[in-house]
Amino acid sequence: MPSLSSLTLTESQTLLQRGEISSRELVSACLERISALDGTIHAFLHIDAEGALKQADEADRKRRTIDDGQSMPLLGLPIAIKDVLTVEGMPCTCGSKILEGYIPPFTATVVKKLQAAGVIVIGKTNTDEFAMGSSTENSAYGVTRNPWDTSRVPGGSSGGSAAAVAAEFVPAALGTDTGGSVRQPASFCGVTGLKPTYGRSSRYGLVAYGSSLDVVGAFGRSAQDVASVFSVYNGRDPLDATTQDVPAANISIEAGAGSSLAGIRIGVPKEYFIAGFQPEVEEKVRAAIQKMEELGAEIREVSLPHTAYALPVYYLIAPAEASANLARFDGVRYGPRVSGETMWDVFTKTRGEKFGDEVTRRIMLGTYALSAGYYDAFYGQAQKARTLIKRDFEQVFRAVDAVACPVAPTTAFKIGAHSDDPLAMYLEDVFTLPANLAGVPGLAFPVGFDAAGLPVGMQLMGRHFNEATLFKLAHAYQQATDWHVKRPTMGDGP
Amino acid sequence: MSSRKPSGRSTLHYVIIAPMPLTIQEVEQIAKLARLELTGEEKARYREQLSAILEHVAKLQTLDTDKIPPTASIFSGDSHLRRDEPRLGLPREELLKNAPEQEKGQFKIPPVFE
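Protein sequences appear in the order of chains C and B. With my numbering, letter number 310 in the first sequence gets 310, and the count goes up by one each step, no holes. With my numbering, letter number 104 in the second sequence gets 104, and the count goes up by one each step, no holes.
It is worth saying that the hints were derived from the structure and are not from the lab. Only a predicted model underlies this, so the values are computations on that prediction, with no experimental measurement involved. Hints are not guaranteed to be accurate.
[What the hints assert, rightly or not] Over the 10 Å line for every Cβ pair with chain B, so calculated as not near, a few chain C residues:
| # | residue |
| --- | --- |
| 1 | Ser28 |
| 2 | Ala249 |
| 3 | Glu283 |
| 4 | Pro336 |
[To be verified] Derived list of chain C stretches under chain B, where covered just means 3 residues or more per stretch with a C-beta under 8 Å from a C-beta of chain B:
| # | stretch |
| --- | --- |
| 5 | 43 to 54 |
| 6 | 232 to 244 |
| 7 | 355 to 365 |
| 8 | 378 to 392 |
Beta carbons are placed, not taken as given, at the ideal position from N, Cα and C, and that holds for glycine.
If we strip away everything but chain C, and leave its shape as in the complex, we get (with noise of 0.2 Å):
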């Protein structure tokens, strides 16, 4: 019989709510199986195994006192959580030595959401530091491997919550995404993730990068899993004021219900599919867009005219906003402390020696580009370029509800592949930058597999605040192909 850990979220919710499972023997399939395979992935920092057992037993005497699922959809569930969001108690390192030992004293809104409808934390998951990189591979606390293969990235920045839902650790994961953070390692660990709408969920508690691009997500085994999660997280909050006050979105997913797409325009946007990469990734898109055509979908070719740009308007305006929010690591509230003969050594000093490689030279980036000079000619100007992608979206959104494209150029690359090239790193994001820059939320997931076997995806992007219409799109392929519930081999786990 294969491991509870392998059932998918709604499946657990099912047999929950039925009571033919326990929470304990749920969470329990899923800490036997870390304990088993993730000393080779690597995708958790931390893993509260008491606390989590502890709270499965209070979730099943609570089920037997409430009398549906309705006012806690999520009773009984685990989930892991991307190490950028603060759980009481817990440690935060961002994936960086700067915030190591760090336990921070409140909760982020978006797990209390989740906790409130009954879901189990049951750990913290890696990250490039700070949330900067495309690999997993800029955590100070090592790298993250994809459960398709060990000798692969899993992506990045949210690579341990991307592996640990396709390892089968954990049935649901949160991450964050300010320039493809949830979609690309979503792509190359064949799973589902959600980048919603900008202002669309809470960011308390969510160690701010890039404010004017981060938004935090959701990944599962299934769009309808993801839709789920995503539910119960957005919405309006008071402790965050960027959150927009539209209603909050909920989104029920029936299963068999949706598989036709009749009436849906779907968008091909030519700059999306450009010479150099990878032929099987561009050959699997089409197939899967083709294939919601036959579903009854209307397809046609779109113009994002300013889709080169992103790149370089991302990597002046993310590094930008970072340069400004990390100002507040310096040794003297929290982490460690290198000591210095005076305040400003403490500064320069701890900021120097415990600031990975990546973090330091977006830092160096932003503060250039803001500096007194040279404000005009980049971030000024990347931010007018930015209103021009902005336009683009506005314009296609017009004629199509939904836009179809690859997530990345490739499928998952070896490990150290970009070591020594930062510039290569950055182009990793080409096709994800731009939903980030235009606010709109994305929705990646698997379409199928390259000849080394590594997972492929697909991202839809639409309208601000309309995810509803990603995850019926994704939901009526995902009834109508397989290639979500395919999951990696992986030795001799339980």
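Knowing the structure of chain C, use the given hints to seat chain B on it.
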């Protein structure tokens, strides 16, 4: 890099204005502004890498944005401030728990002035 540019199917053309590579003095100035202590080896490496990145992003300067307003945030000017009502924050002891050094209920730092 040329393989990543749009193919013939696109109408975009770039004229890349390569800025002068950064000097070591400029790298030192940036590091000073950002309060980062760097070793000699790091300065040399970041000089090379940042120069390459700046050369790449400089292609933005070829874009005509004369009449284009900047976008600072997608829903700018639309932040929702909560009512200015007093509420309890976290207790002082909780906030000091993570401090590397503290004294008399306050964060402790070395002298600000030399």
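Tested hints:
1. Ser28: 32 Å, holds
2. Ala249: 16 Å, holds
3. Glu283: 16 Å, holds
4. Pro336: Violated: least Cβ distance 6 Å, not greater than 10 Å.
5. 43 to 54: Since 0 is below three, the answer is violated.
6. 232 to 244: Holds, because 7 residues of the stretch 232 to 244 of chain C bring their Cβ atoms closer than 8 Å to Cβ atoms of chain B.
7. 355 to 365: Held - the stretch 355 to 365 of chain C has 6 residues with a Cβ nearer than 8 Å to chain B, which meets the minimum of three.
8. 378 to 392: holds (count 11)
In this structure, the hints that do not hold are numbers 4, 5, in rising order.
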